[in-house]
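Peer 1: As a plain string of letters, each chain reads:
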Amino acid sequence: DGGITQSPKYLFRKEGQNVTLSCEQNLNHDAMYWYRQDPGQGLRLIYYSQIVNDFQKGDIAEGYSVSREKKESFPLTVTSAQKNPTAFYLCASSGRQQGDTQYFGPGTRLTVL
Amino acid sequence: DAKTTQPNSMESNEEEPVHLPCNHSTISGTDYIHWYRQLPSQGPEYVIHGLTSNVNNRMASLAIAEDRKSSTLILHRATLRDAAVYYCILRSSSNFGNEKLTFGTGTRLTIIP
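Chains as they are written, first to last, in the numbering used here: chain A, 4 to 116; chain B, 71 to 183.
Chain A with its partners taken away, still in its complex shape:
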């Protein structure tokens, strides 16, 4: 089945450690996105990529990094510079046309201890 996978579903890390969240899609979508969601809040855009080897900062990119070496993969690294990394992280993908729908993965809940 086509879709977006994120792994793992739950992730625990110690403060000061970098951690990489996985996002893979087999929908042949050009565009991919990372969002952060805090309890009771909406989604905020971290980074997005419209094509391989290119990506743009979203509204809250500080303390995060991404890469887009393959069309189907868009990993997100939460660095030790991110002051409050505990959150629910969501990956999405879509075509590049304006009306194209974004499809979301199941999310990764990161807890930094």
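Hints listed in this document are in silico derivations from the structure and should not be mistaken for laboratory results. The C-beta atom is built at its ideal place from N, Cα and C for all residues, glycine as well. A portion of the hints provided could be inaccurate.
[To be verified] Which residues of chain B face chain A? A partial, calculated answer using Cβ under 10 Å:
(1) Leu150
(2) Asp152
(3) Tyr157
[Claimed, not checked] Some chain A residues well away from chain B (every beta-carbon gap over 12 Å; in silico):
(4) Lys12
(5) Arg16
(6) Val22
(7) Asn29
(8) Ser70
(9) Glu75
(10) Asp103
(11) Thr104
(12) Arg112
[As the list claims (entries may be wrong)] Simulated restraints on C-beta separations:
(13) Ser10/A to Glu136/B: 33 to 39 Å
(14) Arg47/A to Thr100/B: 39 to 45 Å
(15) Lys12/A to Ser95/B: 23 to 29 Å
(16) Met129/B to Gly6/A: 38 to 44 Å
(17) Leu30/A to Ser98/B: 36 to 42 Å
(18) Pro110/B to Arg16/A: 32 to 38 Å
(19) Ser123/B to Thr114/A: 42 to 48 Å
(20) Pro110/B to Thr80/A: 22 to 28 Å
The hints should help you fit chain B onto chain A, whose structure is shown.
Peer 2: Just chain B, lined up with the frame of chain A:
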């Protein structure tokens, strides 16, 4: 960036229609209006989208005001499974690599049995 405004919460009785409003007074001519919904600890699920004309699909209907400054998501017959947070989103794209995505505050819909 164009933003959306939604009521924080709404309640509806089961098997009755639900009208979820969204204001987007600064919408631009090329912005599409997308609606998603999200269950707890899950990724958002696409519901419907439109540009100018009203739209219908198996899940819902989208009514767009003539001046496009507001829209209404209509669930024709609410069920308990429709209880979720509903997000109204504007998807704009001015040019390649400059896409901006704006999430509304979301409306928490409670269905009363």
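Peer 1: Of the numbered hints stated previously, which ones are contradicted by the structure, given in increasing order?
Peer 2: 1, 2, 4, 10, 11, 12, 13, 14, 15, 16, 17 and 18
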